[in-house]
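Fit chain B to the supplied structure of chain A, relying on the hints for placement.
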Amino acid sequence: MSPLVEVRGLSVAARDEQGAPVTLVRDVSFSIPQGEVLALIGESGSGKTTIALALMGYARAGCGVAAETLRVAGVDVLSLSAAERVAFRGAKVSYIAQSAASAFNPSKTIMDQVVEPAVIHGLMSRQAAEAKAVDLFRSLALPDPEGIGRRYPHQVSGGQLQRLMAAMALITDPALVVLDEPTTALDVTTQIDALRVFKKVVRERGATAVYVSHDLAVVAQMADRIVVLRQGEIREAGGTDQVLHAPSDPYTRSLMAAARPQVRAAPAAAASSETTPLLQVTGLSAGYGRPDAQGLPRALILKDIDFAIQRGATLGVIGESGSGKSTLARVIAGLLPASRGQVLLNGQALAPELARRPREQLRRIQIVFQNADTALNPAQTVSRVLGRPLEFYHGLKGAAQQARVAELLELIRLPPAIAERRAGELSGGQKQRINLARALAADPDLILCDEVTSALDTVVAAAILDLMADLRRELGVSFMFISHDISTVRAVCDDILVLYSGRTVEAGSRSAFQAPPFHPYTDLLVASVPEMRRGWLEETPVRRAPAPARVAAGGSLCSFLDRCPMRVDGVCDVTPPPRVRLSDGSQVLCHRTERQLAAAGAQRSEVGAR
Amino acid sequence: MNMATDLAPTPTRPSRLRGLTKRWRTLPLAGRVGLSLVIFWILAAVFGRMVAPYEVGAIVSDDVFQGFSAAHPLGSDYLGRDVLSRVLSGARYTVGLALAGAMLASTTGTTLALFAAASGRWVDEAMSRLMDAMISLPSKVLALVMVAAFGSSIPLLLIIATVTYVPGAYRIARSLAVSLNQMDYVQAARARGEGRFYLAWSEILPNMIHPMLADFGLRFVFVVLMLSGLSFLGLGVQPPNADLGSLVRENTSGLGDGAPAVLMPALAIATLTIGVNLFIDGLPRRGRRSDGEA
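So the sequences go chain by chain: A and B. Take 1030 as the starting number for the first sequence in the working numbering and just add one per residue. Take 1280 as the starting number for the second sequence in the working numbering and just add one per residue.
If we strip away everything but chain A, and leave its shape as in the complex, we get:
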C-alpha cells in the first residue's frame, strides 16, 4: 500500500524586503505510512511549520511552494484549485495550532466552533456532529462532556481549550492531523495530560499525524519517526529510538545535549550565613486592585512570602502560570508596591514605591524581562539602550560611555559592530543578551530574571544560561531566576522557591531538590517533566487528585488542596497546613509527614524506573 503522505523534493521560497529570493525549505522528502506519527523537529526558522502548512496546501503570504510530489491521502495537493482546496482542508487534513486561546472565537460557544468543520463541509448533520463532538470530548478526558460545549472559550482552562481544538480537528475524521507545537504553551503539569489524551485519540482512531515540535522529549512520547530539520533542510530522519539513542548527525547530538541542562552553578560564593543577606523578603503580600479594609488588594497575588538571597547566590523561583512568580519580581523591582511586608537590601528597607527609592538603591536591583522582543525599544540603537543606564546611574557620557558599551558587548560575547543596530535587526538570542547587558550596565548587585530563556530555542537558551553562570563567576552578581522549568532551575540555582497560587509551598537548597521528599506540588512538577525516551508517558502513573474538595474557601487553607493526590480529608480541608522543616533542610507547607512525602516520591520514581 502506498503511504498516506508522500513528499518528494519539497521546496518553499519567499522574497525578502529587497526582493531577493530566500529559500525557507530546500528539497525535503519524506513519507508517512497510514496510522503513523511523524515528528518534524527543529529550532525556530528550521522550516518545520512551513512544511506542515505545505501539507495542507497552504503557504504564508509571499511564499511559493514547489515539489516533485506532494500527495496527501491520494490527493495531489499542489494541483488543487481554490475550491478543491477548501474542500480538502478541514475534511482530509486538519490542523491543531500552538495557541488554542487565539484559535477560538471568543464570541461563539465551543460547540458551535467544534462542529463547524463537519457542518460546513456538509459531512454530517448538525445533530450527528454534536453527538460525535460529545464522544470526542469524552475520549479527550474533558470534564462534563455533555455540558462543556455550551461554554465559551474563556470559561475553560488553557489545557482544556487545547484539547477542545483537538476535538475540532478530529471531528471530520481527517486522514491526516497536523499538530503544531500543541503543548508548548502549556504548563508541564497540564502538558502531560494533553499529551496523554492526544496519544490515546491518535491511537484509537488510527489517525496519521504530523507532530511539529522543538522539544525532543515531548516528541519521544508521540512519534514513530522523527525528521530533524535545520534551516529548511533535513539533517536526519529515522525511527524515534534510532534518532534518540543513536543520532548520526552532529546537529541532532547538539540538540540532545542542549535539552539536558547541565549543572552550571558557580561555587556558591562562600556566603557565610552570619552576614546580612543581599536581599531579604519578609511577610510579603501584594496584588492588584483597590485595597480593602485591611489594606490588602482585591486580587491578592502573593501571600506572605519569605526568603533571602545571599551575595553571589542564585535563587530559583518556580511555579506554573498564575503562581505569582513574575509579580514577585515586579514587587522587588518596585514596579508594583507591596501591600504588606518588607524587602530589605543589604539590611536596609526598600520603599514599596519606585518613586521613593533613591537612585542608588534602584541601581542595585535590575530586572530582565521575559520577552526580548518587547523589552528593547525598537526605535533605539543598541548603543543607546546600553548607554542610557550608564549615563543615568554613572554619569558616563560621550567616549567613556561608548567605551563601556563596547566592554559590555564583549562581556555578553557580542561583536562591537552590533552597537549601531536596532532591536529589529537582532536575533532572539542576541536581543536577550542585550537585555541582560542593559541590566549589567547599572553594575547591579541583584538581577531579577523573569523567564529569560523561555522564549528561546534550546540551544540558544543553553548559551544564555552559560553566560549567566560566567557572569556570576566574573562579577559576583546575584540572580533571582524565575522559570516554569524545574530542570533548568535545578541546574542553575543554589536555592529554590516553589510558588503555588502565591504561596511558598517549598523552599530549600538545590541538593534538597535532587531527590524526595518533596511537597506534593513539587513532586507533581518533577514527575511531569518528560524524559527523553519512549514509553515514559505510559509508565508515568496518572495521578488523579480525589474529587475536588468542597469546603468553605478559607483563605489560609492549603492552596493546592483541589489538585493534591495526597490530600487528607478532614485535615487538609479544615486546618491550614503547617510549615515543616525537613531533614534535608527544605521547608514544606504540608500536613503530611516527611516519611509520607518521601514514600510518595520514592514510589513514583520506582514506577518510572521500571
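Just so you know, the hints here were simulated from the structure itself, not pulled from any lab data. Think of the CB as a built atom: it goes at the ideal place given N, C-alpha and C, for glycine as much as any other residue. There could be a bad hint or two in this list.
Claimed, not checked - If we take Cβ atoms under 7 Å as the criterion, some of the chain A residues that face chain B in the derived model are:
id	residue
1	1362
2	1364
3	1388
4	1403
5	1404
To be verified - Computed list of chain B residues with no C-beta within reach of chain A, every gap over 10 Å:
id	residue
6	1343
7	1348
8	1358
9	1465
10	1545
Below, chain B without anything else, positioned relative to chain A:
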C-alpha cells in the same frame, strides 16, 4: 512632512540619501504616484507664483470661460483671468494653510496626549473628557460661528483648522501612548527610575511617529477639504486672493459649459487629497513582517 525629519531619531548622515532612494524603491506603485502628486503640489505652492504666466488678479482675456489654448493653458475664468495662474496661486493658500493647520493640530494633539499619559490619572481624565467635548462640536458649524463672529482672516482659518482637528489627533496619540506605556521596555526604563517626561519623550514618542505621521496625512486631507468647503461657502480665503475652494465657487456658473475654470481647481483638490492618501497607504507599516515562525 517636516515633522518626520525633526522628531524621528536622526539616521547617520551619509546614509540619508541612500536611505531615501531605498525608501522610494520599496514604495509600491500607488505610493510612488501619491508621493509624486504631493511633491508636485508642494512645488506648485512654493514656486507657483514665480512661474505663473500672468498676474493673479489681472484680467488678461476678453473672453470669459475660455477653453484650453496656448495663451491660457487652462483657459480663462468668469472675469477673463488666467486660470493656470490662479490655480498656482490658490495652491499656495490651500497647501500652505492645510500643512500648517494639520501640523499644528498633530503636534498639539501629540504633545497633549504625551502630557496626559505621563501625568497622573486625574490630569488624563480631565484632558480626555475636555477633548471628548470638543470632538462633539460639529466642525463646520463651529467654523461658521467663528467666521461670523471674528470675520474671515488667514490666522483665524488656521486657528479653526487646529481647534477642529486637535481632539482627533489627541485621541489617537493618547491611545497609542497608553498602550506603549505598558511595553516592557517602558517598564524597564521606569524600573530604572527614569522620570515621566523622559519616558514620554525618549521611550514612547519615537515609537508613535509612524502612526502619527499617517494620522497627520489624514488630517491634512481633512483640512484641505474643510478649507475648500469654507471657501466654497464664501467664508474662507477672501478676494482678491483665492484658494482652490474659492476658485471652484467663483466659477460655478461655468459648470454648464464644462469650462476648465471650474474643473481645473476641482481636479487640483482631488489630485492633492488622493495623492496624500495614496502616499500614506504606501508607507511601510511596522510589524507587518513580524510574522515569524513560532
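Structure-based check of all given hints:
1. 1362: holds, 5 Å
2. 1364: holds, 6 Å
3. 1388: Holds, about 5 Å.
4. 1403: holds, 4 Å
5. 1404: holds, 4 Å
6. 1343: holds, 54 Å
7. 1348: holds, 47 Å
8. 1358: holds, 54 Å
9. 1465: For residue 1465(B), whose nearest Cβ neighbour in chain A is about 8 Å away, the distance does not exceed 10 Å, so it is violated.
10. 1545: holds, 39 Å
Hint compliance for this structure: hint 9 is the single one not met.
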